[in-house]
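Participant: This is what each chain is made of:
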Amino acid sequence: MAELNDPSEIPTVKVMHPAREMLGMFFQNYNAVFGLILLVVILLFTFVGPYLHTVDPFEMVWAPFTRPGEEGYLFGTDYLGRDILSAMMAGGQISMAIGLAAAVISLVIGVTVGAFAGYYGGWIEEALMRFTEFFQVLPTLLFSMVIVALFGASLLTVTFAIGVVSWTAVARVTRSEFLRIREMEYVAAARSGSATDRYLIFRVILPNALPPIIVQANLMVGSAILFEAALSFLGLSDPNVMSWGQIIGSNREYILDAGYAVAIPGIAIFLTVLAISLIGDGLNDALNPKLRQR
Amino acid sequence: MSGVTGDNALNVENLKVHFGGGTSLFGAKPVVHAVDGVSFSVPAGKTFGIVGESGSGKTTTALAIMRLVHVTAGRVMLGDTVISELQGEDLRVARRHFQIVFQDPYSSLDPRKRAGEIVREPLDLMQIGTLDERDAKVAKLFEQVGLRPEQRALFPHQFSGGQRQRLGLARALSTEPSLIVCDEPVSALDVAIQAQILNLMTRLQRDLRLTYLFISHDLGVVQHICDEIAVMYLGQIVEQADRVTLFKNPQHPYTKALLAAVPTVHGNKRDRRNRVRVKGDPPSPINLPKGCRFASRCPVVEARCHETLPSLKEHSAGHKVACLLNENPDYQLSDN
Amino acid sequence: MTHPLLSIEDIIVDFETRAGKARVLDDVSLEVNSGEILGIVGESGCGKSMTALSIMGLVPDPPGKVTSGSIKLDGRELVGLDHESLRQIRGKDIGMIFQEPMTSLNPVFTVGEQIAESIRLHEKASTKAAMARAVEMLRSVEIPEPEMRAKAYPHQLSGGMRQRVMIAIALACRPRVLIADEPTTALDATVQAQIFDLLQDLQSEMGTAIILITHDMGAIAELADTVAVMYAGCVVEKGKVETVLSAPEHPYTKGLITCVPHLLPDPPKVRESLQEISGVVPALTDLGKGCAFAPRCSEKIDRCEAAKPELRTSIDAHLTACWVAEKETGV
Ligand SMILES: Nc1ncnc2c1ncn2[C@@H]1O[C@H](COP(=O)(O)OP(=O)(O)OP(=O)(O)O)[C@@H](O)[C@H]1O
Ligand SMILES: Nc1ncnc2c1ncn2[C@@H]1O[C@H](COP(=O)(O)OP(=O)(O)OP(=O)(O)O)[C@@H](O)[C@H]1O
Ligand code: SF4
Ligand SMILES: [Mg+2]
Ligand SMILES: [Mg+2]
Chain A
138 MAELNDPSEI PTVKVMHPAR EMLGMFFQNY NAVFGLILLV VILLFTFVGP
188 YLHTVDPFEM VWAPFTRPGE EGYLFGTDYL GRDILSAMMA GGQISMAIGL
238 AAAVISLVIG VTVGAFAGYY GGWIEEALMR FTEFFQVLPT LLFSMVIVAL
288 FGASLLTVTF AIGVVSWTAV ARVTRSEFLR IREMEYVAAA RSGSATDRYL
338 IFRVILPNAL PPIIVQANLM VGSAILFEAA LSFLGLSDPN VMSWGQIIGS
388 NREYILDAGY AVAIPGIAIF LTVLAISLIG DGLNDALNPK LRQR
Chain B
30 MSGVTGDNAL NVENLKVHFG GGTSLFGAKP VVHAVDGVSF SVPAGKTFGI
80 VGESGSGKTT TALAIMRLVH VTAGRVMLGD TVISELQGED LRVARRHFQI
130 VFQDPYSSLD PRKRAGEIVR EPLDLMQIGT LDERDAKVAK LFEQVGLRPE
180 QRALFPHQFS GGQRQRLGLA RALSTEPSLI VCDEPVSALD VAIQAQILNL
230 MTRLQRDLRL TYLFISHDLG VVQHICDEIA VMYLGQIVEQ ADRVTLFKNP
280 QHPYTKALLA AVPTVHGNKR DRRNRVRVKG DPPSPINLPK GCRFASRCPV
330 VEARCHETLP SLKEHSAGHK VACLLNENPD YQLSDN
Chain C
28 MTHPLLSIED IIVDFETRAG KARVLDDVSL EVNSGEILGI VGESGCGKSM
78 TALSIMGLVP DPPGKVTSGS IKLDGRELVG LDHESLRQIR GKDIGMIFQE
128 PMTSLNPVFT VGEQIAESIR LHEKASTKAA MARAVEMLRS VEIPEPEMRA
178 KAYPHQLSGG MRQRVMIAIA LACRPRVLIA DEPTTALDAT VQAQIFDLLQ
228 DLQSEMGTAI ILITHDMGAI AELADTVAVM YAGCVVEKGK VETVLSAPEH
278 PYTKGLITCV PHLLPDPPKV RESLQEISGV VPALTDLGKG CAFAPRCSEK
328 IDRCEAAKPE LRTSIDAHLT ACWVAEKETG V
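Protein chains in written order, with this note's numbering: chain A, 138 to 431; chain B, 30 to 365; chain C, 28 to 358.
Extracted from the complex, chain A is given alone in its bound form:
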């Protein structure tokens, strides 16, 4: 390219590093910052808490049905007289790990399937969507029970089972976004600028398809936590680990006598889901140039 200008004459353009700019935008959003703080508090509680409050969550420590605050037990005890505070801490680690891991698994599968179906169309789309529908019509709980029954009730299989049954919604959202954005002229423009399929999928269409996918991923974390609760209620989760779901499940029969034992993990799940969805919304806004610059 002989006729290119001398690089030294280019007027410099002040552009912040995209990541820095995005973070700046994120931290200007009060809701998002609140969500982040909330999440950090929950993480500290579950991961640092056990070092400060060293009571075995499986051990009977006091009389059953001790109300929260009584006898020095902040969250009280459950029907077996186990300390709910340490159960909440230990259970939080597992619930959050399962929630996030299952969400990541379903995002990876869902986005891949949806993106390929939406981008390529034709028989590829037909095949992938039939595949998706197959998973969608399976009764999810039953199917995950089968997986757990086959591979044993370990943490890994439970997480995997939840991920595998919940990716279909992500796939459908991704596909419909891809179908819509594929027709936009800027995609045709990139194509005539010699873009490869990979570039079009990951650098052009996916960034524009993100908002509804992020919303879907938010929902996923919450539903994965609840799903694990359902599995452990049925006794299908790993019996050797505590989780928020397990606390709800095991105390459910005594809900009238010890409502707090169900309410406390319930509130924790709610707060976690809230924190994650506030963060997700903040991310979405921070990623959107229209909202970024005014």
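Hints in this document: simulated from the structure, not taken from any laboratory.
What follows is a list of derived Cβ distance ranges for each label pair:
(1) B/L237 <-> A/K427: 30 to 36 Å
(2) A/R317 <-> B/V60: 21 to 27 Å
(3) B/E205 <-> C/E299: 27 to 33 Å
(4) A/V245 <-> B/S83: 40 to 46 Å
(5) B/T159 <-> A/F339: 23 to 29 Å
Covered by chain A, according to a simulated footprint, are these stretches of chain B (three or more residues, beta-carbon under 8 Å):
(6) 117 to 124
(7) 139 to 145
(8) 148 to 162
All C-beta atoms, glycine included, are put in the ideal place defined by N, C-alpha and C.
Using the hints, position chains B and C with the ligands against chain A.
Facilitator: Then chains B and C with the ligands, alone, in the frame of chain A:
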């Protein structure tokens, strides 16, 4: 590399693009004859215009030449390269020689990329020049299309419609193509901005010796900017001539009706009353009639028009018309 | 002297926006008589549609507000009327056709039902009688086979036919004023000509007063009797079409006429470049105290940026708001 050599003229031969067809659960899907046997050639450095009703296949022709829709039949050549037959990597590499500018300045730019990135994208994808050279090239392109190089850092929504169309031009120019296909590049712009873009395009063509394929439904614009013009109706060219002849001596009844339909500042209420009108709407490109496609609306239709599909025939040197009545040189449409 | 059928006097419309208060219409005055077509031209965003909406009493409030001014239909004040009276006037006395024929029709009702519905909103008529009237209306806007088309849904009609249906709805109660806001921008030239013919017939046969909003100077020349050129919320020039088009006084009007490549029956061999109006329309939130057109104007003088010119008559009810034009005509 499949470089484009020769005089870089565009040659389109018997281009056909049909959509649909095949069968589905509910029987055969209808075939849309969007482009149905279109041929023309454009000498290097000239502007060829296509006008016609909505749905006549203008955009589809453009997209087929750009290899952005499937070409059902026919050949498209740019210089010595048969671009309609390129595949895979060869096609991707050859794309630098032909670029497109779209109608909608809002949906044709990726909202999540900065203006600079958008213009630079083709250079990055084709690995043209070093990183610094690319930056310099982008800055120069911004100046060429009348934008300030500082504006590279902005996002598309921070530009006005006219500025966005300048960005679209800069992107198309970045790979130094010989052919630029412009699909209604000024239709979405205000008249004052339209003039700015048209003048810019004329200047760029002169400076860079570009070949333009210019699509529009605005006859005034086409008359202003094109050297030769084809009028399309339902997937076919019905008349083709140089810009002076087409407007001075139109032959096809559709062309005449189209010219009569455009209100001009030189006209007035009384003139308007004496114009010939065509009735109705164009038929659908799915169930095409057997004879002339304009027959259902033609003011001078004859019985034979419904039977035979006229082909594009030379009327006089360089002036082609597809009308059965065209064979009679004395034929005139009343009044106008 | 008789008063005009519809007169707008010194209408001011303000919008609260994030960037501050925007004066979307600034002292707009217009009038139109029975059997007359008034054309309004100008670039996008100059307030053409807002003028129409303020006549219909449809300015979105909030964020918009008719701050002052008066709109009189046959002597009756419309500004400040209550909702019910305005609703009665809309459709019955003033009809309106919108720019986009597809989104203005309800997709789940047949076009016949929609026309009948608008008749029954204003008149006591049985469902059957209203339907018969609807078919008549479709016939009068030259839709072929009106009995059959009345049973069609909007998506089953072409763009041209949908716009005819819109006109039929607007005319169902024989309003005295019809506002057509860019009625043909989505249509082909040949179909546009048919719609324009229809408007002209209405005007001459039924004596309807028509306000035609467009950005096409050609349409103004061939259809309108009077014209108002708008820029940034103001009327900058108005008068009889022949005078304004043949002897435009405002630099913006001159620019609008010369920047468009006009279709010529005998185009010159050599192409000339087009006259440009440089720059873009300013944001309504930060207009200076001078003439809004001054930053783009090629004829401006010192005074233009200091004070805002007002509409002044030169000859024969031809008004222009421009300091230079004022100086030249010596009024
Ligand atoms: N992807 C597609 N699938 C099926 N039919 C299509 C497709 N694209 C275009 N068509 C049809 O092909 C015909 C030609 O369309 P095209 O967009 O080329 O028209 P055009 O002349 O550009 O019209 P306009 O002036 O409205 O842009 C139309 O009838 C259209 O409905
Ligand atoms: N809801 C709103 N809030 C703020 N400003 C508005 C709103 N609606 C319209 N405006 C402003 O009012 C001005 C006049 O708009 P209007 O729709 O009347 O323009 P127009 O002349 O009809 O343009 P066009 O040719 O694009 O239809 C514009 O500058 C617009 O930005
Ligand atoms: S007043 Fe001045 S700036 Fe405004 S249009 Fe007239 S000459 Fe131009
Ligand atoms: Mg098109
Ligand atoms: Mg408008």
